[in-house]
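**Q** Residues per chain, in single letters:
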Amino acid sequence: MAATKQIKGVTLRADPARDTAFDVVQSPRDMHEYVGMSDIAQRQRIHRHMHNEMQALEIAAQTLSDFPDAPWELQLELARQCWDEVRHTIMMYRLVLERGGYKGEFPVMNHEWSIACMATTLIGRLTLQNRTFEGGEMDLLRHLSRMWREAGDEYTAGILDGFLADEVQHVRFANTWIKKLTANNPLAPLQVAEAVSFLRRVTSSLAPTPGETNGVGVDITAFTHMDGSEFVAFEDRRLAGFSEDELRVLAKPLTRSPENPENIDKATTS
Amino acid sequence: MMLLEPRGPLPAQPLVVRQRADCIMSLRWLSTGTMRLLARWTPETPEMEVKLLFGKHIHDFAQFADALGKRVHELRMPLQAQRDPAHGFLRSWNELVSDADSTPAKLKLVYGGVIPFIDAFVVWYRSNVDPLLDEPTFRVFEHFAVDARRMHDEAAEVLDFVASHADLLGYTDDQRAALGLALERITIGSVDDFVDYRSPLAKGERTK
Numbered sequence: 002m003a004a005t006k007q008i009k010g011v012t013l014r015a016d017p018a019r020d021t022a023f024d025v026v027q028s029p030r031d032m033h034e035y036v037g038m039s040d041i042a043q044r045q046r047i048h049r050h051m052h053n054e055m056q057a058l059e060i061a062a063q064t065l066s067d068f069p070d071a072p073w074e075l076q077l078e079l080a081r082q083c084w085d086e087v088r089h090t091i092m093m094y095r096l097v098l099e100r101g102g103y104k105g106e107f108p109v110m111n112h113e114w115s116i117a118c119m120a121t122t123l124i125g126r127l128t129l130q131n132r133t134f135e136g137g138e139m140d141l142l143r144h145l146s147r148m149w150r151e152a153g154d155e156y157t158a159g160i161l162d163g164f165l166a167d168e169v170q171h172v173r174f175a176n177t178w179i180k181k182l183t184a185n186n187p188l189a190p191l192q193v194a195e196a197v198s199f200l201r202r203v204t205s206s207l208a209p210t211p212g213e214t215n216g217v218g219v220d221i222t223a224f225t226h227m228d229g230s231e232f233v234a235f236e237d238r239r240l241a242g243f244s245e246d247e248l249r250v251l252a253k254p255l256t257r258s259p260e261n262p263e264n265i266d267k268a269t270t271s
Numbered sequence: 005m006m007l008l009e010p011r012g013p014l015p016a017q018p019l020v021v022r023q024r025a026d027c028i029m030s031l032r033w034l035s036t037g038t039m040r041l042l043a044r045w046t047p048e049t050p051e052m053e054v055k056l057l058f059g060k061h062i063h064d065f066a067q068f069a070d071a072l073g074k075r076v077h078e079l080r081m082p083l084q085a086q087r088d089p090a091h092g093f094l095r096s097w098n099e100l101v102s103d104a105d106s107t108p109a110k111l112k113l114v115y116g117g118v119i120p121f122i123d124a125f126v127v128w129y130r131s132n133v134d135p136l137l138d139e140p141t142f143r144v145f146e147h148f149a150v151d152a153r154r155m156h157d158e159a160a161e162v163l164d165f166v167a168s169h170a171d172l173l174g175y176t177d178d179q180r181a182a183l184g185l186a187l188e189r190i191t192i193g194s195v196d197d198f199v200d201y202r203s204p205l206a207k208g209e210r211t212k
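Residue numbers (this note's numbering), protein chains in the order written: chain A, 2 to 271; chain B, 5 to 212.
The reader is advised that the hints may include incorrect statements.
[Stated by the list, open to error] In silico DSS-like cross-links for lysine-lysine, where the CA-CA straight-line distance does not exceed 30 Å:
hint : chain 1 : residue 1 : chain 2 : residue 2
1    : A       : Lys181    : B       : Lys74
2    : A       : Lys104    : A       : Lys6
3    : B       : Lys74     : A       : Lys180
4    : A       : Lys104    : A       : Lys9
Everything labelled a hint here was simulated from the structure, so no lab data went into it.
Please build the complete structure, drawing on both the sequences and the hints.
**A** Following this line, the structure appears as structure tokens:
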């Protein structure tokens with residue numbers, strides 16, 4: 002039985018190990034996320050991205066470890082994802098250092114790990130991590146790449162575009178394998194539904210209240226909207242194996258913010 | 005070896021097809037086992053740089069296992085079949101894994117134990133087969149040898165980094181001393197006693 006933690010009444014997977022440099026927090030309230038592209042905001046964005054890539058590595062690795070009977074070809078995909086996430090983490094770490102930052106300069110959260118690694122089925126894990134979180138990451142990367150380009154940083158924009166190409170593959174293999182595993186398992190639709198229902202419950206429980214601010218005084222809800230969370234990269238999602246029906250659902254006004262858990266359902270299961 | 009060169013000395017009793025398959029399936033067991041071990045250790049290891057090292061090498065061991073699993077199919081076994089090693093090796097391996105409870109011990113098991121063991125096993129294997137008959141297996145080994153050198157170099161680089169930041173990472177004197185020995189070679193078993201030859205594959209041993 003994996004170790005767990007309780008956050009706002011929800012049981013989540015306990016944090017992965019972190020070295021002493023990191024200050025691990027449990028709420029967006031304690032994060033130091035800035036709006037805009039000031040020097041410190043840029044450093045914080047890159048630092049957060051570095052940590053998120055490391056988290057994605059840990060989730061893929063944990064999935065490999067937890068499901069030794071997964072089809073070998075899927076294990077190969079997860080192993081490849083581990084390597085990709087390592088490269089992404091290192092590239093972000095280099096950018097942190099180049100900008101005069103350092104590991105642990107800002108607080109970090111293990112939000113995705115804590116949710117995805119609660120899934121006890123392989124289908125549930127792929128649904129939450131690859132199809133939902135990494136699917137959202139594809140949307141975000143397309144948006145962020147443009148943001149960095151507009152800020153005059155072609156180099157970082159190019160790196161993020163390269164990451165996006167990798168993420169498309171991570172989402173695509175999950176979409177492919179969810180379909181294959183579903184075909185052979187009558188319980189699979191229930192496992193997908195269970196994972197989505199859990200995500201909805203967690204998102205609702207952890208939702209910030211309107212006007213709630215983070216550690217540097219930024220309105221958390223406003224930050225979510227301004228950071229591109231409503232952006233959907235249709236062409237990338239098409240490449241990643243989302244059907245036209247699924248894309249039509251995503252095309253409707255959609256905010257995958259904690260205030261709108263219903264839309265998470267649509268984006269994940271449609 | 006030149007393409008058309010007369011053959012050199014061969015082993016008196018080269019391994020037969022089934023024995024070669026047993027060797028490769030056992031090696032695949034070690035490779036997938038190491039892959040899974042690195043996967044388990046990646047979230048459990050606190051030091052970011054070591055975490056990244058383990059994470060990268062998950063893929064290297066997966067690729068090696070995949071190549072071995074394809075080769076074994078060419079030797080009349082199921083695709084991606086593997087088998088447990090001989091009992092004595094398995095017991096010793098399980099003890100080593102259970103004792104590897106710190107970052108230096110984990111580094112030592114993989115980079116001081118597993119990789120040198122595979123090197124030694126390849127040398128032993130080479131002396132027991134016809135190199136032309138089994139050239140496809142050697143090609144797999146050659147590719148892994150390149151990866152293994154890189155993995156070892158990357159581990160040495162990360163180890164240097166961790167050692168130079170031991171204070172910041174909160175290492176005790178004992179942990180610091182263990183770091184200095186982390187890439188020293190250890191014996192994880194004897195190559196002569198690694199393979200459990202010719203007994204039928206059990207159902208679980210076909211697991212991918």
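**Q** Going through the earlier hints one by one, which of them does the structure break, listed in rising order?
**A** none
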